[in-house]
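Q: In numbering that gives the first Met the number 0, the protein residues as written are 0 to 85.
Hints should not be assumed to be uniformly reliable.
Pairwise CB distance ranges (calculated) [as the list claims (entries may be wrong)]:
# : residue 1 : residue 2 : range
1 : R16       : S85       : 31 to 37 angstroms
2 : S85       : E46       : 16 to 22 angstroms
3 : R16       : T57       : 31 to 37 angstroms
4 : I78       : G35       : 18 to 24 angstroms
5 : I15       : R77       : 29 to 35 angstroms
6 : C34       : S85       : 27 to 33 angstroms
7 : L69       : G35       : 30 to 36 angstroms
Think of the hints as simulated: they come from the structure by calculation, not from any bench. None of the values given here were measured: they were computed from a predicted structure. Even for Gly, the Cβ is constructed at its ideal location relative to N, Cα and C.
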Amino acid sequence: MPPNTRTDDAMADRSIRNDRELCLRIEAQITHLACGRIRYLHVACSEGRVILQGRSRTYYAKQLAQQAALDVSPGGSRIVNSIMVS
Numbered sequence: 000m001p002p003n004t005r006t007d008d009a010m011a012d013r014s015i016r017n018d019r020e021l022c023l024r025i026e027a028q029i030t031h032l033a034c035g036r037i038r039y040l041h042v043a044c045s046e047g048r049v050i051l052q053g054r055s056r057t058y059y060a061k062q063l064a065q066q067a068a069l070d071v072s073p074g075g076s077r078i079v080n081s082i083m084v085s
């Protein structure tokens, strides 16, 4: 029996859409909690992993961003905080 590529494609599209929506929610939450303290913020989500990128002047703001991501992410998501402090 050949694989149902139409179903597989639909599931992949749904997964990508869910990842994009999650990234947008996380970015909004970080912007809200960190009050603009993270410059060049970028959030990438894929396969249960969330990567935070950007720049901050303080470790406190970096931790605020991480907490915001944890608050919004589904349980079991792995947060990689690559925000640079300088």
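Q: So, for every hint listed, does it hold in this structure?
A: Each hint, compared with the structure:
A hinted range of 31 to 37 angstroms for the beta carbons of R16 and S85 is consistent with their spacing of about 34 angstroms. The hinted range of 16 to 22 angstroms is not satisfied by S85 and E46, whose Cβ atoms lie roughly 30 angstroms apart. At about 34 angstroms, the CB distance of R16 to T57 agrees with the hint of 31 to 37 angstroms. For the pair I78 and G35, the beta carbons lie near 21 angstroms from each other, so the given range of 18 to 24 angstroms is met.
The hinted range of 29 to 35 angstroms is not satisfied by I15 and R77, whose Cβ atoms lie roughly 18 angstroms apart. Our hint of 27 to 33 angstroms for C34 and S85 is violated, since their Cβ atoms are close to 18 angstroms apart. Against the hinted window of 30 to 36 angstroms, the Cβ-Cβ separation of L69 and G35 comes to about 20 angstroms, which falls outside the hint.
When each numbered hint is compared with the structure, violations occur for hints 2, 5, 6 and 7.
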